[in-house]
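Numbering (our numbering), first residue to last: 1 to 1264.
Source of the hints: derived by calculation from the structure; they are not laboratory data.
Fair warning: there could be bad hints in the mix.
Taking lysine-lysine and the DSS-like style, the derived pairs with C-alpha atoms no more than 30 Å apart in a straight line are [unchecked claim]: (1) K542 - K431; (2) K700 - K431; (3) K815 - K858; (4) K432 - K483; (5) K770 - K716; (6) K379 - K56; (7) K303 - K354; (8) K815 - K1150; (9) K722 - K612; (10) K385 - K123; (11) K467 - K354; (12) K515 - K583; (13) K847 - K858; (14) K518 - K385; (15) K699 - K467; (16) K542 - K1196; (17) K319 - K583; (18) K628 - K431; (19) K409 - K699; (20) K897 - K542; (21) K169 - K109; (22) K700 - K903; (23) K934 - K903; (24) K614 - K700; (25) K903 - K716; (26) K699 - K716; (27) K385 - K805.
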Amino acid sequence: AKTKLETDTETLEWINSFLVKFWPIYAPVLCTTIVQSVDQVLSTSTPAFLDSMRMKFFTLGTKPPRLEHVKTYPKADDDTVLMDWKFSFTPNDTADLTARQVKNKINPKIVLEVRVGKAMISKGLDIIVEDMACSGLMRVKVKLQLPFPHIERVEICFLGRPTFDYVCKPIGGDMLGFDINFIPGLESFIQEQIHANLAPMMYEPNVFPIEIAKMLAGNPVDQAIGVLQVTFHGAQGLKNPDKFSGTPDPYAVVSINNRDPLGKTKTVEQNPSPRWNETVNVVLTSLREPLTIHVYDYNEYRKDKELGVCTFNLEDLEKNNEHENLQLEVMASGRPRGIVQADVRFFPVMEGHKLEDGTVEPPPESTTGIAKFTVEQAKDLDGTKSLIGQLNPYAVLLLNGKEVQISQKLKRTNNPIWPNATKEMLITDRKKAKLGLVIKDDRDLAADPVIGTYQIKLDDMLDLMHKGQEWYNLAGAKTGRAKMMLQWKPVALKGALGGSGGYVTPIGVIRIHVKNAKDLKNLDTVGKSDPYVRVLLSGIQKRRTVTWKNNLSPEFDEVFYIPVHSTREKLVIECMDEENTGKDRTMGQIEIPASEYVQQGANGEYLVHDSKNKVIPAQLRMGASPPKGTLNFTCAFYPCLNVIDPDEEEREEAKARASMETDPRKSTEIAPNGSTGARARSNTAGTVGSVNPADQEMKKALEAGEKEQTEAEEVKTAPVPKVRIGPEDLKNYECGLLVFRILEGHLAHSGTYLEVVMDDNLFPVYTSAKAKSGNYNFNETGDFMVRELDLSRITLRLVSELDTKGEGMDKDDIKAKLTGQTIDTLKRCLYTPTQISLKDEHGRESKITVSMRFLPVKMELDPSESFNNSGNLRVEVLDAADLPAADRNGYSDPYCKFIMNDKEVYKTKTQKKTLHPAWNEFFEIPVRSRAASKFVVEVFDWDFGDRADPLGNAAINLDVLEPFQAQEVVLGLDGKSGSIRLKMLFKPEYVTRMRQGSSTFSGTFAVPGKVLGAPVKGVGKGATFLGGNVAKGASFLGRGFKRRTVSGQAEDADGDATVGEIKPTSMDIPESGSVGGANGYAAMPSIEGPSGTPHSRQRSFGGQSARPATATTGAAEPGTASITVVSASGFEGDPKLEVHVSQDSSKGPKKLIETDHHKPVDGVVQYQGGPKRVQCAADSQFRVEVRDHGLFGGEKLGEAPFFINDQSTGGQQEVRVGAGVVTLSTSFQPAEAGSMLSPESPASRKSGMGRFMGRRDRSVTPSG
């Protein structure tokens, strides 16, 4: 059967039978459609010697075409269907017709009316073509594709010449006309002309393609795809082919594939190596054709002479959008004639983001872009302006009063449909652009009168298009309306004409507080997903949270401020699963239209929508799948003040002066042939003007008619009063948008990115394009919400690699960095380009030119977002009094745990056999929000082998702490009795969030230590308690407790001492020992006693240990710690668990133990390794880390600090690590006197253990 299919043909009588019945129904409809379409074509194609042409009558007759047979080629490609169709259309063949069909038969006939003469003195003549017939063999090739509509294109061609037959009567009509084919030789001549026209189109091997997929997608083949920017630096060694022409006066003309000129440079006189330093922007519809640059020698009185042409292959822009410092060779007659130096950049049209469900969001807002202005048709034009009542209308399209396109001139119609009244134009400032339409009546001898006009702002027309407006009533006419359409394609254009990359000034900010997520969909097969939330505006990521490792119900608690520019924008909150390799996957998303929160008042000002306290629980959706997971967030809108931009004012004044002083000779473009023409640069209309009387007349008509127009009234808003802000006014504002424009850079490191980091943000608020050279023209604009201007900090840094996952920047990747106060930087750079220097570690300097402006936002800052609400908290655990007895001997063995937001952050050592313990220890922790933090101290009685007995706990209210002031507080425990005394110092500082699952904040917790030299005092019962069980401790301290001394210090005569005053901590950072904190800022020094006080305190810096690993004079006693990893349990999934134990030291963590990896049995992994012994101090801190073993280091499941059991008998302890628990067996054996001291130390020269035993009086159980 397959062989028969290849060799034989198949008849198609079934489809011929269908056509016999269907043709009488469909043929009249088809003929009417053809008449309507052909009339417009004939109207635009009328020769000058004729008044008009129109199709008067058209019919295809009653006999349908026949399909004789079809042949199929089954061995064609899998995605191709190939067939040959034999067809015939022979209406005069009656052999297969019945007698009734012959009687009612109508032959094909076309009547074309040709009117000779002009206006009222004209006569119509009928040209008749009838009895048409044709037959031939046509090949049809169908190309298939997977996406809808599944047919990419259809190609048709004739195999051999088809045959044509007809009767043509040019004069005389039906009665007296004769067939011109009777004239000898004329029939064959006409046949040859038909074949000559059709052969290049559709005679084999030429094919006629029908792009089915593109037609159904609605994407025209010739639509603009972007803007080509050609920056001419100059030329070298240009040679004139005529040796007697002298030194050339060169200028360059840009075109695509040698077609119409699209732009030109200035003329440089008498210079074979000119420096133009100009930029030309060209709208591109395809990258398949080459860019051609013609270089001409300007001549004042004769035609300009072409020096040569150079070409650039635009297909190279598909791989790289920027080609700098090109040396293009100028060729003439196959010989080189010099070099053109230029940069070529391509800025593609910004498309809307496609969501998971297939919907496409609107593209990003931009002031630069491509506007496609189309005037499709007009109706009911004012015929009274013509002597015969019928017009010869044509449309003139204008941009800012300048002509950019003229449509074809139609004949004798008051309802014209123009096929080519459309123009794609580059708009460099959308806010200032005005579109105009002038309809004129074509008069051959007299001036063409204006029939009607319309002019509208581009922004207003976009708003009307958004509301569905298409028809506009013409001004300056009794009747008439035009159908106009506008398509806007934003382009992030940079460079000379692009300004700041199309930056649009925001109208306000939307505040999004991402609180938490519950029951997210798990996309991982092993373990849990690693979610984070990002906010997208028009498909561009604006902000994102940190990643929460291995968690399906993360507590994000992050606030974002997203600048918005219009009510048409949409925000998308998307939850993502971070992947170590490959692209991050979506876990669901939520759409937020800006129009739900952005509203304008009657006076035109935008209104505050303060809904920040209304929590929205929204389900996350992924395409058509059922929703899974809930995201809780709040959303509010706060408008910006309308601030005057001095730069914009200056540009408008300069533009006004330029328009008044315009020189027609200089402003009119010179075409390559030496003639002038206003449309020589039509694709960059609006950037170069033209001056001629016709333009001035149309401009006046447009301005006069604009007062009559009413359509734009519904989108017009009242002018909002503007405010002027200078450097001295900044102190009056707290919150606002900082708009920074990065102009250029002279960089010591090429191939770097410039990042702007603000305040406590882990991720940069703006990242520039990659600077490929040392001298780079950025010309980019960004913005960021500043919460507290007087306390904010800004960081500029040059980086070689981007940190997109928030894992922390490698030191080698940061080439240079500079941090400063935002308000000081803003005062220097306000409206003024200012050069900022960044130095690297080798002293090499990079200079960045930046200008800034500030847009205040109408918002009261929430106290939880204040700078004073976040920072570093130092806690000194002094002592406790009157604790309840938990042991049978009437005492307890108390120790404390400090819990921050349900996570243990510190544990003190155990004090043996006492109800009045004195710990004298300290620790530091970063606090992201004092107002939202839950800080608790819990006191326990340690018992060997049993669970610890709780003695009481107390909540610690951090709100009452004054920044930079050390405060001593007494907290009453909620047990049977007792209180605890603490000293706390809160130092405000921005705290940067980091990836959750390892540590909460950016700085690692400061290694805790002992408060050396601090006397122990009891807490009296008469303490004055403040709100939240906080009491001030001072004069009520009792004196009945035994004094503990530090060896080498004298006791007070009365057996007592007071705690020295603590000075407010300075914000200045010493050069030595500074450690990077949030945004690279150094952490603040800890509490420091006044100079000369005997109670010295050890300095502790956040993220750095101030104490060495081995003991020194005055530190905790040295000894040997024994650590054994017993088991690990509680980790979900089926991981291969391995446990790492390390010791914290001043040089970083030192790895001690790395177990084998095992899969859990019944949820528990038992480890068989022996104990690891290490020399250390009694209060040394260790870390335990659990990993899921893998090929490349595996995945980190959690990390937690712990302290050894400081008794020689030891014991087991459970450490909470991530989602599971690690059981450790630890013990501590104190060293013999002097065993860990160097021979040179003073303590080593003392005999016995006096020094160590004298500095602590707590009991130590001897070994053995």
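So, going through the hints one by one against the coordinates:
1. K542 - K431: Holds, because 24 Å separates the two Cα atoms, which is no more than 30 Å.
2. K700 - K431: 21 Å, holds
3. K815 - K858: Given pair K815, K858 is violated - Cα atoms ~38 Å apart, limit 30 Å.
4. K432 - K483: Within the cut-off at roughly 23 Å; holds.
5. K770 - K716: Not OK: K770 and K716 at ~41 Å, beyond 30 Å, violated.
6. K379 - K56: 22 Å, holds
7. K303 - K354: 53 Å, violated
8. K815 - K1150: 28 Å, holds
9. K722 - K612: 27 Å, holds
10. K385 - K123: Judged against 30 Å, a Cα distance of about 22 Å means the pair holds.
11. K467 - K354: The hint holds at about 22 Å.
12. K515 - K583: Satisfied, since the Cα-Cα distance of roughly 25 Å is no more than 30 Å.
13. K847 - K858: 35 Å, violated
14. K518 - K385: 72 Å, violated
15. K699 - K467: 28 Å, holds
16. K542 - K1196: Status holds; Cα separation ~28 Å.
17. K319 - K583: Roughly 21 Å separates the two Cα atoms, so the pair holds.
18. K628 - K431: Not OK: K628 and K431 at ~43 Å, beyond 30 Å, violated.
19. K409 - K699: 21 Å, holds
20. K897 - K542: Distance ~40 Å between K897 and K542 Cα, so the pair is violated.
21. K169 - K109: 11 Å, holds
22. K700 - K903: Violated, because 74 Å separates the two Cα atoms, which is more than 30 Å.
23. K934 - K903: 10 Å, holds
24. K614 - K700: 54 Å, violated
25. K903 - K716: 56 Å, violated
26. K699 - K716: Answer holds: K699 to K716 is near 22 Å, not above 30 Å.
27. K385 - K805: 69 Å, violated
Hint compliance for this structure: hints 3, 5, 7, 13, 14, 18, 20, 22, 24, 25 and 27 are broken, all remaining hints hold.
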